[in-house]
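There are 2 protein chains.
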Amino acid sequence: MSPPFEPGMVSALAVDVFGTTVDWRTGVADQVTDIAARYGVELDGGAFADAWRDRYLPAMARVNRGERDWVYLDTLHRESLEELLHIHGVADAFDEEARHRLVRAWHHLPAWDDAVEGLARLRRHYIVAAVSNGGFALLTRLVKAAGLPFDCIISAELARAYKPHPRAYQTVAALLDTPPPRVLMVACHTWDIDGARQAGFGTAFLHRPREKGPHRPADQASDTSSDLTVTGFDELADLLHP
Amino acid sequence: MSPPFEPGMVSALAVDVFGTTVDWRTGVADQVTDIAARYGVELDGGAFADAWRDRYLPAMARVNRGERDWVYLDTLHRESLEELLHIHGVADAFDEEARHRLVRAWHHLPAWDDAVEGLARLRRHYIVAAVSNGGFALLTRLVKAAGLPFDCIISAELARAYKPHPRAYQTVAALLDTPPPRVLMVACHTWDIDGARQAGFGTAFLHRPREKGPHRPADQASDTSSDLTVTGFDELADLLHP
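Sequence lines, in order, name chains A and B.
Counting from 18, one number per residue, gives the positions in the first sequence under my numbering.
Counting from 18, one number per residue, gives the positions in the second sequence under my numbering.
Accuracy of the hints is not assured; some may be wrong.
Same chains, same label: a pair holds when it works inside one copy or across any pair of copies.
[Claimed, not checked] In silico lysine to any residue, SDA-like type, Cα no more than 20 Å apart, as pairs:
1. 161 with 191
2. 161 with 194
3. 161 with 195
4. 161 with 137
5. 161 with 133
These are computed hints drawn from the structure, not numbers from a lab.
All chains should be modelled from the sequences, with the hints used to inform the complete structure.
Here's what the structure looks like:
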């Protein structure tokens with residue numbers, strides 16, 4: 018039996034990025050619509066973003082199961098993009114430059130409204146690390162463009178394993194030189210919370226009702242078991258440092 | 018023959034930390050003097066800091082030559098601390114807690130006057146990475162405590178090789194997904210500039226006359242060959258973005 022969670026135990030926050038900190042769905046949908054329009058193609062950016070993201074978990078799982086070697090998230094995005102362009106019958110309309118720009122859409126995404134200020138408040142009390150399956154370079158550019166005040170960036174690339182693989186979380190605790198129970202994982206995906214809990218981290222489920230856009234239900238706190246449940250970084254800061 | 022250096026080529030700065038960005042010598046000397054005094058020992062903190070740092074390059078070189086496995090900078094500092102306490106005949110005066118605090122002195126060091134503002138200016142135009150032989154956790158805490166506005170932290174720990182080993186620089190270029198000639202190494206040590214140049218980086222020697230304290234000469238631009246020579250981050254920002 019692990020001891021009950023106490024906010025006072027926490028010394029570092031491991032904060033997920035896509036969905037938790039930035040609104041990937043709006044950001045990707047808008048950029049897809051925009052790039053498609055410039056190439057004279059009418060495309061529902063939102064539906065395209067959804068289908069693209071749907072391919073993300075199974076693609077990562079193949080890497081984690083060892084069915085293929087480590088590859089960058091950019092590479093996974095590029096592969097699933099090729100599939101999607103064929104499915105939509107628009108493969109001929111997009112040249113190499115357009116495909117490159119579409120993949121790079123994932124490098125520039127808007128922060129959720131509460132993220133910049135909430136993280137800045139949390140950073141006064143804790144080491145606050147961005148912990149994501151994005152590549153190190155992608156995350157560095159994304160975090161910079163969105164003005165997110167992280168203390169450091171820890172990419173799955175450093176573990177050569179994607180969350181929710183245990184090695185992804187163990188690498189975070191090792192790099193921060195902090196025991197897992199003193200690291201609080203903050204994430205809006207139940208699979209990430211589950212992975213972190215199994216690695217011995219504290220967990221805060223952050224509910225993002227619009228994370229998957231207006232037509233799909235977001236992950237729910239009731240589908241996982243977390244030490245804390247909050248609706249934003251401001252609420253998390255209130256809870257940890259009232 | 019590599020093409021002549023052009024500031025316009027640069028897209029990322031790899032910035033050394035100890036000596037270049039923070040004044041390790043004053044920081045360590047003050048903390049050693051202070052901790053020693055609390056334990057009733059009179060110790061010349063400056064001379065102690067010098068002797069401690071003298072053991073740093075040979076200790077790292079043994080790791081880089083493969084004579085021992087990778088170890089943290091904290092571990093190297095602890096080992097050389099034990100030696101020094103014996104040499105000074107004060108080993109009995111310092112308990113485990115004191116030794117721990119002495120090693121952690123390297124985690125909290127003052128930034129040079131020009132560093133915070135100069136880095137903030139450079140960060141508007143470039144990815145600015147802290148690139149140091151310190152461990153990832155050490156660097157994260159040091160950078161946070163000193164308020165240094167880096168975009169990301171790249172520790173030698175990620176390469177499992179210390180600068181000036183080529184792998185330490187290659188890892189920086191790979192993680193930033195940036196070709197070596199587009200990365201500018203900024204450092205006050207000629208051995209770091211030499212290592213970066215050999216790895217194909219652009220180089221800016223930053224002269225810190227007081228880096229080794231008042232009694233020892235600092236590294237000189239004339240002892241290396243660098244693309245740029247500056248006296249502070251403000252001058253570097255003026256030069257790259259007049």
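TODO: Go through the numbered hints given earlier and state which of them the structure violates, listing their numbers in rising order.
DONE: none
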